[in-house]
Amino acid sequence: MKQIAHSINNWLKLRVIEIQEFVIFMANVARGLYRKPRYWHDFFDHMDIMGVGSIPIVLIAGGCIGALITLETLAELRTFGANVLLGKLTGLSIIRGTGPVFTAMIVSTRVCSSAAAELGAMQVSQQIDALVTMGVDPFRKLITPRIAAGTLMFPALATVNGIAAILTGALVAQLSGTMSLPFFLNQSLSGITPGDVLWGLTKSTVFGFIVVSTACYYGLRVQGGTAGVRAAASQAAVACVLLILISNSIMTTLVHAF
Amino acid sequence: MISLKNINFFSDDAQHILKNITFDIPDAKVTAIIGASGSGKTTLLRIIAGLYEPTSGEIWIDGQNLATLPKTKQQVRSKMAIVFQHGALFDSLTVWENVAFPLYEQGTMPLSKVREEAEKLLEMVDLHGVADLSIDQCSGGMQMRIAIARALASYPEVILYDEPSSGLDPIARGLICDLIQKQQIQQRMTSVLVTHQLSAAFQISNHFIFLYEGEIIFEGTADELMEAKDPYIQRFIQPPSRSYRTTDFVPL
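Residue numbers (the numbering used here), protein chains in the order written: chain A, 174 to 431; chain B, 39 to 290.
Worth flagging that the hints you see were computed from the coordinates, not collected in a lab.
Where a beta carbon is used, it is the ideal one built from N, C-alpha and C, also for glycine.
Be a bit skeptical, because a hint or two may be false.
The list that follows gives simulated cross-link-like pairs (lysine-lysine, DSSO-like), each with its CA atoms no further than 27 Å apart [stated by the list, open to error]:
id, chain 1, residue 1, chain 2, residue 2
1, B, Lys158, B, Lys57
2, B, Lys117, B, Lys220
3, B, Lys43, A, Lys314
4, A, Lys314, B, Lys117
5, B, Lys43, B, Lys158
6, B, Lys67, B, Lys57
7, A, Lys209, B, Lys151
8, B, Lys117, B, Lys158
9, B, Lys117, A, Lys209
10, B, Lys67, B, Lys267
11, B, Lys220, B, Lys151
12, B, Lys67, B, Lys220
Anything over 12 Å on all C-beta distances counts as not near chain A; from chain B, calculated [as the list claims (entries may be wrong)]:
id, residue
13, Asn58
14, Arg84
15, Thr93
16, Gly95
17, Glu96
18, Ala126
19, Thr132
20, Glu143
21, Gln144
22, Gly145
23, Ser192
24, Leu198
25, Asn244
26, His245
27, Glu251
28, Thr259
Isolated chain A (complex conformation) (with noise of 0.2 Å):
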């Protein structure tokens, strides 16, 4: 009984340890926002990276997502003869819901643990020490342009996959025989109000920063060569996943409770 509580105490030491250091790590990142140098090059080349080198995936992503929830929901409203509604119900499910919390975890298997092995093996290779020693403060240089890009392109993303979503929901409500693609299109766009389209791109905009900056900060603390590598990926990549579905739950619960 003793070693249980001795490892529960432990453990949750280790996790304080853990909040501690990602709150220095948030600390620095912000003061890399307010000072200069200003890396736009790297910035640029991040939402390159990360945004326009995701539009493939998110694109197939959103098409699948928008097929999935037209024909589950047309499922539902056929058997209270309600398919009138279906572009309505679809359209709000995927902006308020689905959209960004798919977008997020879809980009998040491609950016986190890349951006956390890339850091990684910045750190074992002693190329963060090297920018050190030559006067480069590595959180303006390698984290600050990361996490602003991702804040940016996330909600970015989220938009290109919402449209995806809906065109193809629209086209698979016109091949089902329920309704024809422009009343599809004209249903779902009147039933998304601007509140509506502004709380996917708000959720998107805290995925982005939550899985960027947790990426950066797996990354940055590898130790033990390529081993610490691979556990920082890994590690990475179930932390953002986890993180984004937890931050939603608590942002959705937040909005209906207010």
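Go by the hints and put chain B onto chain A.
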């Protein structure tokens, strides 16, 4: 001159890595810090470079105590450059971009001149026609020379070498040693060389510090080192005796 006074360093797991390290690094000479693996050589070099803070003790550079000068610390450190073991080159950049990196960061040179300057530095380390190669296209010896060129790009007064010839074949090792010697003679640069390879240390160093389990057990010249009575130093500097005879081998 760099002076280290009573430097102690404890690792995160409370191991006493460096114990009361006190010595001076003379200007315009090559100081070799030698010792077996795990004796604290690299930790000491990283403390001099500012990558680790000593647990206690003082580092004085040109009469300034770094601990009492936090604002000018970076300026004082900017007189130093370090060549890491295996180079620590940025593998996402080409050869010339690596060399030009400190020049970009300093921002003191027009961008149009940066490439020209990087190519000059590459020629200084006897590398020609490699500017546009990526780092993974270069051999270990070439990577080390690129790392030296990158260190020289910040025009340092002190250059720190962490095992520069480790993992290289004898020819590449000789080239690196010649290069360090050339820089020291031509530019009167202060160099600190961390190595466990005595041949390299004897070829280029004038001043020796011998570390054993985090303590200095010898400081002096090459001749004094050869005559040191300490049995550990004796064992370290003596070539291993051949414990086999050629007749022990079975012809294939």
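Okay, the hints, checked on the actual structure:
no.	hint	verdict
1	B/Lys158 x B/Lys57	violated, 42 Å
2	B/Lys117 x B/Lys220	holds, 19 Å
3	B/Lys43 x A/Lys314	violated, 34 Å
4	A/Lys314 x B/Lys117	holds, 21 Å
5	B/Lys43 x B/Lys158	violated, 38 Å
6	B/Lys67 x B/Lys57	holds, 25 Å
7	A/Lys209 x B/Lys151	holds, 23 Å
8	B/Lys117 x B/Lys158	holds, 20 Å
9	B/Lys117 x A/Lys209	holds, 22 Å
10	B/Lys67 x B/Lys267	holds, 25 Å
11	B/Lys220 x B/Lys151	holds, 25 Å
12	B/Lys67 x B/Lys220	holds, 12 Å
13	Asn58	holds, 25 Å
14	Arg84	violated, 8 Å
15	Thr93	holds, 19 Å
16	Gly95	holds, 20 Å
17	Glu96	holds, 20 Å
18	Ala126	violated, 4 Å
19	Thr132	holds, 15 Å
20	Glu143	violated, 6 Å
21	Gln144	violated, 8 Å
22	Gly145	violated, 8 Å
23	Ser192	violated, 7 Å
24	Leu198	violated, 9 Å
25	Asn244	holds, 24 Å
26	His245	holds, 22 Å
27	Glu251	holds, 23 Å
28	Thr259	holds, 29 Å
When each numbered hint is compared with the structure, violations occur for hints 1, 3, 5, 14, 18, 20, 21, 22, 23, 24.
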